[in-house]
Amino acid sequence: MTALDTTAAGPGAQDAFRFIATDVTGTNELEVGDLQSSLPASAVARTVADRMSLPDNVPWALRDESTSVYLDDDVAIGDQIVPDARVAITPRTHLG
Amino acid sequence: MNPAAAAPAPDARLGDLATIGFRPCRARGGYESDDMRLIVAAGWAVLEPKCSQVVSSPLHAHLGEPGLWRWLAERGLQRSRSVFEVPLASLRVGNAMRADDGGQNVFADVVAWARATRPGSVAPGRVAFGDWSPPPLETVRGWLPDDALTVRASGLARQGRLVHSRQRLAVEFPVAPCPDGLDAGRRAWLGRVLTDAQSRWRLARVGLVDGGIRAEIDLTGAPPPVLEALLPIAVDALRWVVAWVLEPVQFLVDVTHACADATLQPGWA
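Sequences listed follow chains A and B, in order.
Going by my numbering, the first residue of the first sequence is number 1, and it counts up by one from there.
Going by my numbering, the first residue of the second sequence is number 1001, and it counts up by one from there.
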């Protein structure tokens, strides 16, 4: 028995979405091309923070660099930015 | 006196097993009916067909089919069997609803569901349940936490989708695309990882479909009284499986990562 038969393989299973993320200092730049456009922005922000080895005890948010608008955490990233967009990952701060 | 009728049920949530045709099986332990065996242990009722089917392509087996049947590997790939597992906790709510109506134990409906979806009895994508339909979408969504369909693990993330149509209710997670040009060593390792994942956790299926690796649960045809309790349990199981396989699978399908060990054939413990 073959452990895995991929002969029936067709097109890929994911709707991968490409964008470029930078941290607020501009030190880290990361091209992301394997995340689904349907992922909520909050999950994308935490995943990007993981890949940049940013602290995991900080709430992170994404900001669209072309508009400076913060992405809505609960909305799919593909509904908020266009492919190949540049976003900045920033700590979420609450100014009192 | 019928000895089967006198045998106590292994768990009160299952009701009187004799009334639905199950009798104690001394030789194998558990219970059996004309066509299925039942084992009850550790909070789960596990049904399996008395006549096993040979699964020629295990990592495609049952994917996309309605119901909870899954393929399990034992002793590597030397032995396999299909099982239909139900958490007893999901029966409690259903039985409480049934008690209000004076109806039969809901496990009888679960067994009927297992029979209707037994391997080979339903072609993928075919309607098999007459007038069954899932509860309204908003009701189903209300049974799940907001972030239930998002899984993150080790710098990776996946978004699942709730499949809700007139005669289907399922949750699917795309794990990774599976490139056509994957070498034999990586394919073998991938098979090992996916087989392990499916055999370690209950309820979820993991395998190859449409050129990608997918994890899923399918509650199509589930008795309505158990759905509310069963869906969150099944989605939790699915999330565990996805989180567990995500990193090794992503590594194996990413051919830009050189790995000498990936060219070796995995052994089976």
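Do not take every clue at face value.
[Said to hold, decoys possible] Over 12 Å on every C-beta distance to chain A, these chain B residues come out as not near it, computed from the model: (1) Gly1029; (2) Arg1037; (3) Val1083; (4) Arg1092; (5) Arg1115; (6) Trp1143; (7) Ser1154; (8) Gly1155; (9) His1164; (10) Pro1177; (11) Pro1224.
[To be verified] Simulated DEER-style distance windows between Cβ atoms: (12) B:Ala1042 <-> A:Val82: 15 to 23 Å; (13) B:Ser1133 <-> A:Val82: 35 to 43 Å; (14) A:Arg18 <-> B:Ala1042: 42 to 50 Å; (15) B:Gly1155 <-> A:Ser68: 52 to 60 Å; (16) B:Leu1144 <-> A:Thr67: 19 to 27 Å; (17) B:Ser1133 <-> A:Glu29: 45 to 53 Å; (18) B:Trp1143 <-> A:Leu30: 33 to 41 Å; (19) A:Leu30 <-> B:Thr1139: 39 to 47 Å; (20) B:Ala1112 <-> A:Glu29: 28 to 36 Å; (21) B:Asp1131 <-> A:Pro83: 42 to 50 Å; (22) A:Arg86 <-> B:Gly1103: 54 to 62 Å; (23) B:Ala1096 <-> A:Asp15: 18 to 26 Å; (24) B:Asp1131 <-> A:Arg18: 44 to 52 Å.
Just so you know, the hints here were simulated from the structure itself, not pulled from any lab data.
Remember, predicted model here, so these are calculated numbers, not experimental data.
C-beta atoms are modelled at their ideal positions from N, C-alpha and C, and glycine is treated no differently.
Hints violated by the structure (listed by number, smallest first): Checked against the structure, the hints that fail are numbers 7, 8, 10, 12, 15, 16, 20 and 23, while the rest are satisfied.
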